Structures are given as structure tokens and as C-alpha cells.
Amino acid sequence: MAHDEKKALVLPVSVVNRSDVGRLLRELKVLDEFLQQAAIRQPGSSMKMPRTSRFMDELLQANKLNALVEADRKALVQFIDDVYKKAPTLHMSFNADPSPLFSQQLVTWLRKEIHPYALMQSGLQPSIGAGCTLRTASKYFDFSLRENFKAKRELLVHQIQEATRNAQ
Amino acid sequence: MNIGELLLILGSLAAATASFIWMALRVGSGGGKAKTKTGDLTSQAEEDVEHIFNNEFREELRNRGRLHFEKIIGENAMFLQQDLRLTTSQLNEYMKAEITNKLREEFAKYEESIADAKQLAIESINKTQQALEQQRQVMSQQLAEELTKEKERVLQRFEANMADIVNHYVLAAIGDQIDLNDQLEYILADLEANKQAIIQDIKDGA
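From first to last, the protein sequence lines are chains B and Y.
Just so we're aligned: 123 in my numbering is position 123 of the first sequence, and the numbers increase by one with no gaps anywhere.
Count along the second sequence from 1, then add 1000; that gives the number in my numbering.
Hints in this document: simulated from the structure, not taken from any laboratory.
Do not take every clue at face value.
Said to hold, decoys possible - Calculated lysine to aspartate or glutamate pairs in the EDC-like style (CA-CA distance at most 16 Å, straight line):
1. B/K152 - Y/E1159
2. B/K150 - Y/D1204
3. B/K152 - Y/D1164
4. B/K48 - B/D72
5. Y/K1195 - Y/E1185
6. B/K29 - B/D81
7. Y/K1195 - B/D142
8. B/K29 - B/D82
9. B/K74 - B/E113
10. Y/K1195 - B/E113
11. Y/K1203 - B/D72
12. B/K74 - B/D32
13. B/K29 - B/E70
14. B/K48 - B/E58
15. Y/K1071 - Y/E1005
16. B/K139 - Y/D1164
17. B/K150 - Y/D1164
18. B/K64 - B/E33
19. B/K86 - Y/D1204
20. B/K86 - B/D20
21. B/K152 - B/D142
22. Y/K1102 - Y/E1112
23. B/K85 - B/D20
24. B/K48 - B/E70
25. B/K74 - B/D142
26. B/K29 - B/D72
27. B/K112 - Y/E1005
Since the model is a prediction, treat every value here as computed from it, not as a measurement.
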């Protein structure tokens, strides 16, 4: 991705996954088109205002941009389009559906430590007990309680053996 | 007295009679020189002989000879009877002794063969018993080893299964009891521990 060193845009943490980015991109494009149409419309003709989500508001607020300024809009569209196409997506599975706050906290860490535009795609895997599994482009990480139990299995077997021997 | 002796006695009697007759005749014919005297003597001798050896004398001789013969026969018969009885008794004794010895020998042999058979049977039984005892010991040892191995196998299966059961139980028991928000710190700790690997993978993928 091409980072604009002069003005590195920030992706809000509320934008968690690629679907959010896609929605944001569509909103930006619709907004851009509306404003372009508004500039050339006949005075007095009716126009339907496009709806924007909080993602848009947060995006504008985080980057201190004005949606009414065409250059800002273009930059945002380009930025979001780049994010949509090139940002790394980490697939993470949990034993329950993560809440938005949880997802944002996780994405905050990911963008701080891993990649500034990392996206997280969450999944459901109840059998892991607790923790999560992480799948990147070519690797798989198991951070689940189930895997932790497997790693500590020898300890459990040793404890059971000790208890069995003592019982005999 | 046997028949030979009897014949000997009869022969001696006949010889005595013949010698007597010969003597008589010789006496009768011995005076040949005086024939007349001799002739008279001869005729006288002949008359005397006839006079001596008359029918009664002959009969007497016959009777005596018959009696002597009967006596001899009787004595020899008695001797023969005694001899026969002695021989019979000796033969009986001999047969008795021989049969007794033979029976004793046969019984001894039979007893010996019985004893041998008994000894063989006892030895065979002892050998069989020893073999059975050895086999029992071997089987006991094998059984003990198998039991020990089986016990170890069961114990290992129990320990392995128990570990899985405990894991499954804990996961099932607490899996849905732990709030996801409470897991955040645990998840972030794991992510932090593997941060470099994740970053490298993203860079390689880009």
C-alpha cells in the first residue's frame, strides 16, 4: 500500500472487517456522486440525500477531513479502496460471537502492533473452549484453551499417574 | 533179592545136584579094576542110588526146591515191592521238590515282573507329575506376566482416556462460562507472544 507520508490516513477502529470497509467505500462513492450531481443540478430540483453511517463520521473525524471538499473525498475514496484491496485480513475464530467493543479492542491492538490497516474477520468455533484461533495468509495459530490443554497434557497424565500410584 | 540172584541160587543147586550125581556115578565107576567087585559095587551103587534117590526123596527135593524157590521169589518180590515203594516215594519227593521249586521260581518271576511294572508305573507317574508341575510353573509365570502387562495396558489406557476426559470436561464446563471479554487479556498475551511470526507472515504474503 502506498502510504502518504505527508498525510497518513487513519482507519477507525470501528471499521473491523472487510465488509465494513466495503460498506464505507460504497458510502463514499455514493456521497461523492451525490455531491457531484448536486453541483450540476438544476436549482430547485429535488435530490435524495445519501445516508451515511457512523463509520463515515468516524473516518472523517479521525482524519480531520471534510466530505464536502472534493479533494478530501477523492483521497478518502482512494484510501478506502486501497484498504479494501490490499489491507491484510486476519481470520480469528472464538467460542462465541465477539461483541463490537471486543472486536474494536482487538483491532486496536492489531493495528498498533501488527499492521496499521489490519482487518479482522471473526468466526465461531465453540469447541475451542476459550481463546481463539488465528489464520493468516499462509499460517495457522491455535491460541485456544483446547490447544493449551493439549500442550499441558503430559502434566495432567503425570498428575493422574502420581495419584494412581499413591492410591495403589 | 533180584532175579539174577534167584537164578544164581537155582544154578548153584543144580550144580550141587549135578556134582552129587557125578560123584555118585564116579564112586560107582571108580572101582573099575575089580570088575566084579566093581560090577557088584556098581549095581549096588545103582541100587543104593535108587534106594537113596527114590521118588520120595525126589519129591522132597522138589518140594524143598519149590519152597526155596517160592521163598526166594517171595523175598525178591518183597525186595522188589520195597524197592518200588522206595522209588515211588523218592519219585514223589523229587516231583514235589521240583514242582515246588518251579512254582517258587515262577511266582518269584511273576512277583518281580509285577514289581517292575509297578516301579515303571510309579516312575511314569512321577515324570508326568514333574512335567505337569513344570508346565504349571511356566504357565503361572506367563499368566503373571500377562496380567502385569494387561494391568499396565489398562492403566495406560485409563490415564490417557482420563486426561482426555478431564480436558473435555473442563472445556465443556467452563467453555461457555468464560465471557469473551474476560478472555481478551489471554488472547492478547498469545498474540503478543507470536507477534513477530504474524508480522513476518503478513509481510511475506504482501
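- Message: For a C-alpha distance cap of 16 Å, please report whether B/K64 and B/E33 respect it.
- Response: 21 Å, violated
- Task: Assess, step by step, whether the Cα of B/K112 is no farther than 16 Å from the Cα of Y/E1005, and give holds or violated.
- Result: Given that 16 Å is the threshold and the Cα spacing comes to 166 Å, the pair is violated.
- Query: Holds or violated: B/K150 with Y/D1204, Cα cutoff 16 Å?
  - Reply: 29 Å, violated
- Regarding the pair Y/K1203 and B/D72, is the alpha-carbon distance no greater than 16 Å? 29 Å, violated
- Message: Run the distance test for B/K29 versus B/D82: straight-line Cα separation, threshold 16 Å.
- Response: 14 Å, holds
- Item | 16 Å Cα cutoff - pair Y/K1195, B/D142 | 13 Å, holds
- Query: Taking 16 Å as the top limit, are the C-alpha atoms of B/K48 and B/E70 close enough?
  - Reply: Violated: B/K48 and B/E70 sit about 19 Å apart, past 16 Å.
- Verify the proposed pairing of B/K152 with B/D142, using a straight-line Cα cut of 16 Å. 14 Å, holds
- Query: Is B/K85 within 16 Å of B/D20, Cα to Cα?
  - Reply: 13 Å, holds
- Task: With a cut-off of 16 Å on the C-alpha distance, tell me whether B/K29 and B/D72 pass.
- Result: 12 Å, holds
- If you draw a straight line from the CA of B/K29 to the CA of B/E70, is it 16 Å or shorter? Satisfied, since the Cα-Cα distance of roughly 12 Å is no more than 16 Å.
- Task: Could you grab the alpha-carbon distance between B/K29 and B/D81 and see if it respects the 16 Å cut-off?
- Result: OK: B/K29 and B/D81 at ~10 Å, within 16 Å.
Against the hints set out earlier in the document, violations occur for numbers 2, 4, 9, 11, 14, 16, 18, 24, 25 and 27.
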